[in-house]
Amino acid sequence: DQQVKQNSPSLSVQEGRISILNCDYTNSMFDYFLWYKKYPAEGPTFLISISSIKDKNEDGRFTVFLNKSAKHLSLHIVPSQPGDSAVYFCAAKYSGAGSYQLTFGKGTKLSVIP
Amino acid sequence: NAGVTQTPKFQVLKTGQSMTLQCAQDMNHNSMYWYRQDPGMGLRLIYYSASEGTTDKGEVPNGYNVSRLNKREFSLRLESAAPSQTSVYFCATKAGISGNTIYFGEGSWLTVV
Numbered sequence: 001d002q003q004v005k006q007n008s009p010s011l012s013v014q015e016g017r018i019s020i021l022n023c024d025y026t027n028s029m030f031d032y033f034l035w036y037k038k039y040p041a042e043g044p045t046f047l048i049s050i051s052s053i054k055d056k057n058e059d060g061r062f063t064v065f066l067n068k069s070a071k072h073l074s075l076h077i078v079p080s081q082p083g084d085s086a087v088y089f090c091a092a093k094y095s096g097a098g099s100y101q102l103t104f105g106k107g108t109k110l111s112v113i114p
Numbered sequence: 001n002a003g004v005t006q007t008p009k010f011q012v013l014k015t016g017q018s019m020t021l022q023c024a025q026d027m028n029h030n031s032m033y034w035y036r037q038d039p040g041m042g043l044r045l046i047y048y049s050a051s052e053g054t055t056d057k058g059e060v061p062n063g064y065n066v067s068r069l070n071k072r073e074f075s076l077r078l079e080s081a082a083p084s085q086t087s088v089y090f091c092a093t094k095a096g097i098s099g100n101t102i103y104f105g106e107g108s109w110l111t112v113v
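Residue numbers (my numbering), protein chains in the order written: chain V, 1 to 114; chain X, 1 to 113.
Careful, some of the hints might be misleading.
DSSO-like cross-link-like pairs, simulated, lysine-lysine; straight-line CA separation at most 30 Å [said to hold, decoys possible]:
#1 V:Lys37 to X:Lys57
#2 V:Lys37 to V:Lys54
#3 X:Lys9 to V:Lys37
#4 X:Lys57 to X:Lys14
#5 V:Lys109 to X:Lys57
#6 X:Lys57 to V:Lys5
#7 V:Lys37 to X:Lys71
#8 V:Lys109 to X:Lys9
#9 X:Lys71 to X:Lys9
#10 X:Lys9 to X:Lys57
#11 X:Lys57 to V:Lys71
No wet-lab data here; the hints were simulated from the structure. The structure presented is a predicted model; accordingly, all values stated were derived computationally and were not measured.
If we strip away everything but chain X, and leave its shape as in the complex, we get:
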């Protein structure tokens, strides 16, 4: 039972490069999220998908795009990476509007040089 799986776990990018963080869940949850965690800043929501086919901006969406590929998968894309996007990224899922608890993946460490 993997729960929420993120790939890659570690990545180093050069400024201006693009990359996609992948997230897959086997919890049959409707809602999926991408958060970033920075020192002293807590967990900040980048984008979320309330259900398959929908995506919405969170608190810090600039510089990112997302795709809810199907119910299981939610990807986060950096089109032109910047050093300010160096962070730890967490994918998460929730059952949906009726669910209260978010379940997180193990994180993806991204460094932009």
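In isolation and in its complexed conformation, chain V is listed as follows:
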């Protein structure tokens, strides 16, 4: 039972355009969401997060949107740059029992074409 789903294994975008990566979740207890970026041969690095009390969080070129009613979040990268080419993982957690764990999606490989 996959609680965090990234339904697009890959995405290609032209440099300078917007990249939109999507993530859906099924567990309504999740109240904190994170995006990680992973380059080949490196560990995942934290990118941006959002609490369930917000619907948007912005950090430079990166914005995460949360739609709680749809159990959907998205990561927008504007403008996309070739250095953004990586695998992006969506992750979720909830407060309370078991809150030590993050549940990850399977990842979306973003390719930004120069």
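Position chain X against the provided structure of chain V, taking the given hints into account.
Showing chain X alone in chain V's frame:
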């Protein structure tokens, strides 16, 4: 500031051999984790340690054991390696129940032949 350090970075094992992956953190975090990453499977939690002295199973614990040696170190042991354990292993840490962000090491590439 090393953050999360994993050793070894690469290892080839024969089926049935044992080995231990080491992880050390200098972030003074309470919680530590071992994940594995396989193609098309994302990051799956093997074991975690919420705090020093405690360990718990994650999503895919079979074939593994862990030891939280002290606050800094969390090791993952394969007692009898199997080809299905060929994977990339990531150690990670989090401040604890109050922390939201997990910080990963650079990974250990393990091949079992």
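Next on the checklist: So if I understand the rule, the pair passes when the alpha-carbon distance is 30 Å or less; does V:Lys109 with X:Lys9 pass?
Outcome noted: Since the Cα atoms of V:Lys109 and X:Lys9 sit roughly 23 Å apart, the hinted pair holds (cutoff 30 Å).
Item to check | Hinted pair X:Lys71 and X:Lys9, Cα distance within 30 Å | outcome: OK: X:Lys71 and X:Lys9 at ~22 Å, within 30 Å.
Checklist entry - Does the structure keep X:Lys57 and V:Lys5 at a Cα separation of 30 Å or less? => result 22 Å, holds
Next on the checklist: Run the distance test for X:Lys9 versus X:Lys57: straight-line Cα separation, threshold 30 Å.
Outcome noted: Holds. X:Lys9 to X:Lys57 sits at ~24 Å (cutoff 30 Å).
Checklist entry - Given the hint that V:Lys37 pairs with X:Lys71, does the C-alpha gap stay at or below 30 Å? => result With Cα atoms ~27 Å apart, V:Lys37 and X:Lys71 stay inside 30 Å; holds.
Checklist entry - Within 30 Å, alpha carbon to alpha carbon, are V:Lys109 and X:Lys57? => result 29 Å, holds
Checklist entry - Does X:Lys57 lie within 30 Å of V:Lys37 when you go C-alpha to C-alpha? => result Given pair V:Lys37, X:Lys57 holds - Cα atoms ~25 Å apart, limit 30 Å.
Checklist entry - Would the pair V:Lys37 and V:Lys54 pass a check requiring their Cα atoms to be no farther apart than 30 Å? => result 22 Å, holds
Checklist entry - Do the alpha carbons of X:Lys57 and V:Lys71 lie within 30 Å of each other, as the hint requires? => result 27 Å, holds
Item to check | Pair hint X:Lys9 and V:Lys37, alpha-carbon separation not exceeding 30 Å | outcome: Holds, at roughly 20 Å.
Next on the checklist: What's the verdict on X:Lys57 and X:Lys14, does the C-alpha distance respect the 30 Å limit or exceed it?
Outcome noted: 25 Å, holds
Hint check: no violations occur; every hint is consistent with the structure.
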